[in-house]
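Trainee: Each chain, letter by letter, is given below.
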Amino acid sequence: MKRVEVLKTYKIYSGGKFPRTESGRYYMAIDPKGNAIANMCRSSRKDVRNAVVSARKSLGTWSGKTAFNRSQVLYRIAEVLEGRKLQFVEELILQGSSKRKAITEVEDSIDRIVYYAGWCDKFCQIGSSVNPVSSSHFNFSTYEPVGVVGLLAPQESSLLGLVSLLMPIISGGNSVVLIASEAYPLCSITFAEVLNASDVPGGVVNILTGHYSELMPPLSSHMDVNAIAFSGLKNLKKDVDLNSVENLKRVRFYESSWNKKDAQGLHYITDFQEVKTTWHPIENIGGASSTY
Amino acid sequence: MASKNKNWEYAPSLETTDHINLKKKYDLFINGKWLKPTSKKHFNTINPNDEKHIAEIAHANHKDVDIAVKSARKAYDNVWSKMPANERGKYIYRIARLMQERSKELAVVESLDAGKPIREARDIDIPLACNHFFYYAGWADKLEYAFPNRKVSPLGVAGQIIPWNFPLLMAAWKIAPALAAGNTVVLKPAETTSLTALKLAEIIADSGLPDGVVNIVTGFGDTGAAIVNHPDVNKVAFTGSTGVGKIIQKAIAGTAKKATLELGGKSANIIFDDAPLDQAIEGIVNGIFFNQGHVCCAGSRLFVQENIADRVVRKLKHRMKSLVVGNPLDKNTDVGAINSKEQLNIINKYIKIGIEEGAEIYQSECNIPKKGFFCPPTIFSNVAQSSVIVQEEIFGPVLTIQTFRTVDEVIQKANNTPYGLAAGVWTDKGSRIFNLTTKLKAGVVWANTYNKFDPSSPFGGYKESGFGREGGMHGLSAYLKLS
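Going down the list, the sequences are from chains A and B. Under our numbering, think of the first position of the first sequence as 202, with each following residue one higher. Under our numbering, think of the first position of the second sequence as 11, with each following residue one higher.
Among the hints, a few may not be true.
[What the hints assert, rightly or not] Listed next, the in silico DSBU-like pairs over lysine-lysine satisfying Cα-Cα at most 30 Å (straight line):
| hint | chain 1 | residue 1 | chain 2 | residue 2 |
| --- | --- | --- | --- | --- |
| 1 | A | Lys439 | B | Lys92 |
| 2 | A | Lys435 | B | Lys152 |
| 3 | B | Lys152 | A | Lys323 |
| 4 | B | Lys449 | B | Lys92 |
| 5 | A | Lys435 | B | Lys256 |
[Unchecked claim] For the chain B half of the interface with chain A, some residues (derived, Cβ under 10 Å), not all of them:
| hint | residue |
| --- | --- |
| 6 | Arg160 |
| 7 | Gln259 |
| 8 | Trp456 |
| 9 | Gly476 |
[What the hints assert, rightly or not] Here are the simulated distance ranges between beta carbons:
| hint | chain 1 | residue 1 | chain 2 | residue 2 | range |
| --- | --- | --- | --- | --- | --- |
| 10 | A | Phe341 | B | Pro428 | 22 to 28 Å |
| 11 | B | Ser91 | A | Tyr227 | 52 to 58 Å |
| 12 | A | Ile231 | B | Lys152 | 50 to 56 Å |
| 13 | B | Asp133 | A | Arg250 | 47 to 53 Å |
It should be emphasised that the hints constitute simulated quantities derived from the structure, not laboratory data. In this text the structure is predicted, and so the values were computed from the model without any measurement. Idealized CB from N, CA, C, for every residue including glycine.
Isolated chain A (complex conformation) (with noise of 0.2 Å):
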């Protein structure tokens, strides 16, 4: 007889756990003939802002790392999700994908993952600057971190496009409240499973799953959300710049294509940082004073 399978419950992923949506609705995942595969969490406004909440509470933690530590996280990421990678190949299988095509994404997510890694701990150097001002004081200039990120998945993909735009804005310190792909949401909740046994501290990423529509006016319109990346969802940006005025969120657009391989650079990583500038007085320089 053949074995019952047992199946998987999906959940969403706020404050490092593993939670209902607290309005206890839901909307069916259907692959691309309309059969329905999973029934995901319709998360509600209150999910947003409880995410939120777990985002800042991270945010300290997280930003507070060393660079090099972060680094290490990232890439434990990439190789938890290598030994998870059949998995994800078979739920893009279910959302539609074909095995080479699913397998391509897998495969160039752990690579993207391992490629911001990298970064963790070199981005900095690059952008920042000793600045040579014509007075007697020493002058710098560095990133830190812009703070909570709201992040609406790309659509098109389940797992690529959500770590193509997720790993920089975290590897720069930041936490995010990932609003995950409608379509295909699959992948965005079982990646929530990797990022929790890779180290990466909770609430420093929580997804949420449900419509856009729903979701994206709380989280573009919160006063605790710092800035706000998307991508391809055109028809939202208007709606989204207007939310983010009132606290002056900083809004990043993308029309990348994520499967290309050029799709990932330091500028997704600085695009999420803000430059600050340090001043200190030098006794003496050049015979000059800078009485103070």
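Got chain A; can you put chain B on it based on the hints?
Mentor: Then chain B, alone, in the frame of chain A:
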């Protein structure tokens, strides 16, 4: 004007004005020529020191702005974007040199029109403005070095709107990087301080810069709105209030216009008990009374460690007695005229709120001139974190003083504001400086100094103080398309 404190009386030392050239009436500088506004309207600009009329300034309407944007587009398409980068740079160098040659005139005009002390205009505003052009000129043919692995190209036409607190300096901060990056410009100065921008237009005309590369349109908020909303403007750069910054953000929502906003602040200036006190007092004074407190990064919230609070306040009051308030053209003057009647009313409104909230006020004893717009240096102690005068930007010579005990406490208090432009830290302990400079959420942190600026040093805020940086290598990205 002499101080009431006899130790600090100086004979007046007025800067002369016979060497400056001002027209009675200024039109719009568009396509290298002076065009009469199609609005047919001019308005008066006055000297805030004595409320006397200086000149008539054109009020550009949306048609005038359209003509300016079209000429900027034409100059971009036909000339500026095709010019080799090193040649572009040489024009910018020329502008810097011509400004240096006429720096005294620019300083006097700035002081007359804006009310700022001639000493500050002469030693800070104008040299920094010249240096800004000189600094960015050299970037024109080196842009790709600043952005590794990326292709750089200009954005097109930049619409730029600047405030009245550092009129020429802000024009330089906007125009210099825009030109170096290969863009053409439509700039609108603030209505109360158009003159130095118009003098700059004369210099630009003299420099031989191709017609239409820089266009200067004067006017009010409606002129600025016409620039922001013009469909052929690719970039909006604004320095001013957070309120107007948000209006601009709303106006360009959903468009492809790139924006940088340099907005308000309520910056913390933090004094620890081991700080070099005499220098710290100078830093406090410079932080809040420099340019009458009309400084977006002014150190308007003072935090003093509790055990030295009495001493610091005593010393500060003593120092305030020697501040000379009066005629901006007098070289003895430390605190000049408030820029406009409107701004004076705003400051006085906040002073009234402070008193009504129960804060303890101290104003330096000085003879305020009868004519003109003046406000004595003012400090408020006994204020709460929730006081209106602690939370809102006053943009005048008004300081609030709070105390703290521990490092963590002051970090929390300092960061507890929607703004994040600047901060100051005064302590003798290096490790503490780096702890604070790392944790203070602000774009510029001055340690054991305050209100220092340099063309090579990026400036700009976190949070609601705006986004983007001006100055330095980082200031270039605001005017480039990177791909």
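Trainee: Next step is simple, just say for each hint if it's right about the structure.
Mentor: Each hint tested on the structure:
1. A:Lys439 / B:Lys92: violated, 33 Å
2. A:Lys435 / B:Lys152: violated, 34 Å
3. B:Lys152 / A:Lys323: holds, 23 Å
4. B:Lys449 / B:Lys92: Judged against 30 Å, a Cα distance of about 45 Å means the pair is violated.
5. A:Lys435 / B:Lys256: Holds - the C-alpha atoms of lysine 256 of chain B and lysine 435 of chain A are around 22 Å apart, at most 30 Å.
6. Arg160: holds, 7 Å
7. Gln259: Status holds, d = 4 Å.
8. Trp456: Cβ of tryptophan 456 of chain B sits 5 Å from chain A, so the hint holds.
9. Gly476: Since the shortest Cβ distance to chain A is 7 Å, the answer is holds.
10. A:Phe341 / B:Pro428: 22 to 28 Å: Taking Cβ atoms as reference, phenylalanine 341 of chain A and proline 428 of chain B lie about 26 Å apart, which means the hint holds.
11. B:Ser91 / A:Tyr227: 52 to 58 Å: Given about 55 Å between the Cβ atoms, the range holds.
12. A:Ile231 / B:Lys152: 50 to 56 Å: Roughly 54 Å apart at Cβ, these two residues keep to the hinted range, so it holds.
13. B:Asp133 / A:Arg250: 47 to 53 Å: Holds, at about 51 Å.
Against the hints set out earlier in the document, violations occur for numbers 1, 2, 4.
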